[in-house]
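Asker: Residue-level listing of the chains:
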Amino acid sequence: MSLYRDSGVVLRTFKLGEADRIVSIMTRNNGKVRAVAKGVRKTRSKFGARLEPSSHVNLQLYRTRGDLDIVTQAETVDRFPNLRTDLDRFSRASAMLEAVDQLAQESEVNRRLYEMLVRALRTVADTESPLVAAGFFWKVLSLEGFEPFLDACVSCGGEPVVAFDLHEGGVLCQSCRRGRAISPEALALMRQILGGQLGAALNEPISAATNEVDHLAGEAMEHHLERRLRSLGVLGQS
Amino acid sequence: MSGVYAGPVQDLIDELGRLPGVGPKSAQRIAFHLLKVEPADAARLAAAIIEVKERVAFCERCFNIAERGAECSICTDSRRETSMVCVVEEPRDIVAVERTQEFRGRYHVLQGAISPIDGIGPEQLKVRELLVRIEAEGIDEVILATNPNIEGEATATYLARLLSPLGISVTKIASGLPVGGDLEYADELTLGRALEGRRAVGE
Ligand SMILES: [Zn+2]
Ligand SMILES: [Zn+2]
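Protein chains in written order, with the numbering used here: chain A, 1 to 238; chain B, 1 to 203.
It is worth saying that the hints were derived from the structure and are not from the lab.
It cannot be assumed that every hint is accurate.
Pair ranges (Cβ atoms, derived) [unchecked claim]:
| # | chain 1 | residue 1 | chain 2 | residue 2 | range |
| --- | --- | --- | --- | --- | --- |
| 1 | A | T64 | B | Q101 | 37 to 47 Å |
| 2 | B | Q101 | A | H215 | 49 to 59 Å |
| 3 | B | A174 | A | F149 | 38 to 48 Å |
| 4 | B | A48 | A | D67 | 47 to 57 Å |
| 5 | B | R99 | A | T64 | 35 to 45 Å |
| 6 | A | N82 | B | E38 | 18 to 28 Å |
| 7 | A | D67 | B | R18 | 16 to 26 Å |
| 8 | A | E115 | B | A48 | 24 to 34 Å |
| 9 | A | Q102 | B | A42 | 36 to 46 Å |
| 10 | B | L131 | A | R180 | 45 to 55 Å |
| 11 | B | G7 | A | L3 | 43 to 53 Å |
| 12 | B | A174 | A | D101 | 27 to 37 Å |
Result set (BS3-like, lysine-lysine): computed pairs, CA atoms no more than 27 Å apart in a straight line [to be verified]:
| # | chain 1 | residue 1 | chain 2 | residue 2 |
| --- | --- | --- | --- | --- |
| 13 | A | K15 | B | K25 |
| 14 | B | K36 | A | K38 |
| 15 | A | K15 | B | K126 |
| 16 | B | K25 | B | K36 |
Ideal placement from N, C-alpha and C gives every residue a C-beta, glycine not left out.
Isolated chain A, as found in the complex (with noise of 0.2 Å):
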């Protein structure tokens, strides 16, 4: 048993018992972290701000022999009150912990994750973007492997292209087509996120098109999860 002090980005909570509450956080240097946080439920207690979901916090824990450490301190780094402030923002930055609570690995060191969500988070605080969760994910998709091919139909190299399939693993032609269809806009802004100018796609408007990205990100993220994310049911309620 030792205390271990790092970074982290709180992904959920849960209630347990009658003041406490495990978090799961998205560390810098230890990968899915879960602990404790004692008392953090009463109003009184000096944790239970710094400890929501979507908090960027420093962090001592102490680790357990058990499955869960304890946390011991927080300082808080970013806190995104904005997020608070609209329901569209709120449930793309949800999505987005959800998603990497079910990527992210207990005690696996995952640093490009930790530090993507800490940046989109702060885009989410900060900009309108419609693409903000539509970016993350294709970003951390192709992290983890799986980049679709979108410079011409993923089966016979044929141009123009006019749907994309998740199984495919990228885009179709007329003759080839499978999946759903894609407008050449969507296929531009796609193009955008992975081809390094994620910046420009992020200033784009919402439009048909952004939605567009904006689903298809979603799909492809649940495909690769092999289950739904919760939170997107609920974008798009307000």
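Use these hints to put chain B with the ligands onto chain A, whose structure you have.
Answerer: Quick look at chain B with the ligands alone, frame taken from chain A:
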């Protein structure tokens, strides 16, 4: 974990495992405890569950706990102001606000808070019912008393945006409540002060 024990025992473990805060291990422990207790004790527990489900439900007006098919004791109290509604997440939050003796209106229980990660959005809460009440009951002041944590604040902001265009007064309980906690754990002094200091929110 499933299917380790035969028939009825596994059924009981599965049912207990669905309760909030009960993991598979606790479910197993409770199940084996129940196997050992006197039949009369087990019957009393079963009867209490059936009784509560038969007789108690949610108030038809505000979704507080009430006798089945009726309104709750607050909605039927003629001394309460009907033009003022305090919106809370759960029935137990009503108990917390009542302890302050600062509020003389009625309540509206949302039965939860917006939590996308749990699949809970406005459509899963009693939001539409609140809008209907504002119109039907001539409510002109709404006080938002959701928990001061991320889900509660997102819910309050969402409701403030929704209600402000209706031309009624919409206030939110002030801080003084440390952010991140649950309302049910607030002491009455802190919560009373927060109610006094409520302020307008929204556009
Ligand atoms: Zn082709
Ligand atoms: Zn009632």
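Asker: Range hint 36 to 46 Å: satisfied by the CB atoms of Q102(A) and A42(B)?
Answerer: holds (39 Å)
Asker: With 27 to 37 Å as the target window, see if A174(B) and D101(A) comply at their CB atoms.
Answerer: Holds, at about 33 Å.
Asker: State, for the Cβ atoms of A48(B) and D67(A), whether the hinted interval 47 to 57 Å holds or is violated.
Answerer: Violated, since A48(B) and D67(A) (Cβ atoms, about 34 Å apart) do not stay within the stated range.
Asker: Could you say whether the range 24 to 34 Å given as a hint is met by the Cβ separation of E115(A) and A48(B)?
Answerer: violated (52 Å)
Asker: K25(B) and K36(B) were given as a pair; does the straight-line alpha-carbon distance stay at or below 27 Å?
Answerer: Judged against 27 Å, a Cα distance of about 17 Å means the pair holds.
Asker: Keeping to a limit of 27 Å between CA atoms, is the pair of K15(A) and K126(B) held or broken?
Answerer: holds (23 Å)
Asker: Going straight from one Cα to the other, do K36(B) and K38(A) come out at no more than 27 Å?
Answerer: Violated, because 33 Å separates the two Cα atoms, which is more than 27 Å.
Asker: Quick check: does the Cβ-Cβ distance between G7(B) and L3(A) fall within 43 to 53 Å?
Answerer: Check passed, 48 Å falls within 43 to 53 Å.
Asker: The hint says 38 to 48 Å between A174(B) and F149(A); measuring C-beta to C-beta, is that right?
Answerer: violated (55 Å)
Asker: Does 37 to 47 Å hold as the CB distance between T64(A) and Q101(B), or does it fail?
Answerer: holds (44 Å)
Asker: Look at the Cβ atoms of Q101(B) and H215(A) and judge whether their distance stays inside 49 to 59 Å.
Answerer: holds (51 Å)
Asker: Confirm or reject the claim that N82(A) and E38(B) have a C-beta distance inside 18 to 28 Å.
Answerer: About 57 Å separates the Cβ atoms of N82(A) and E38(B), which means 18 to 28 Å is violated.
When held up to the earlier numbered hints, the structure conflicts with 3, 4, 6, 8, 10, 14 and fits the remainder.
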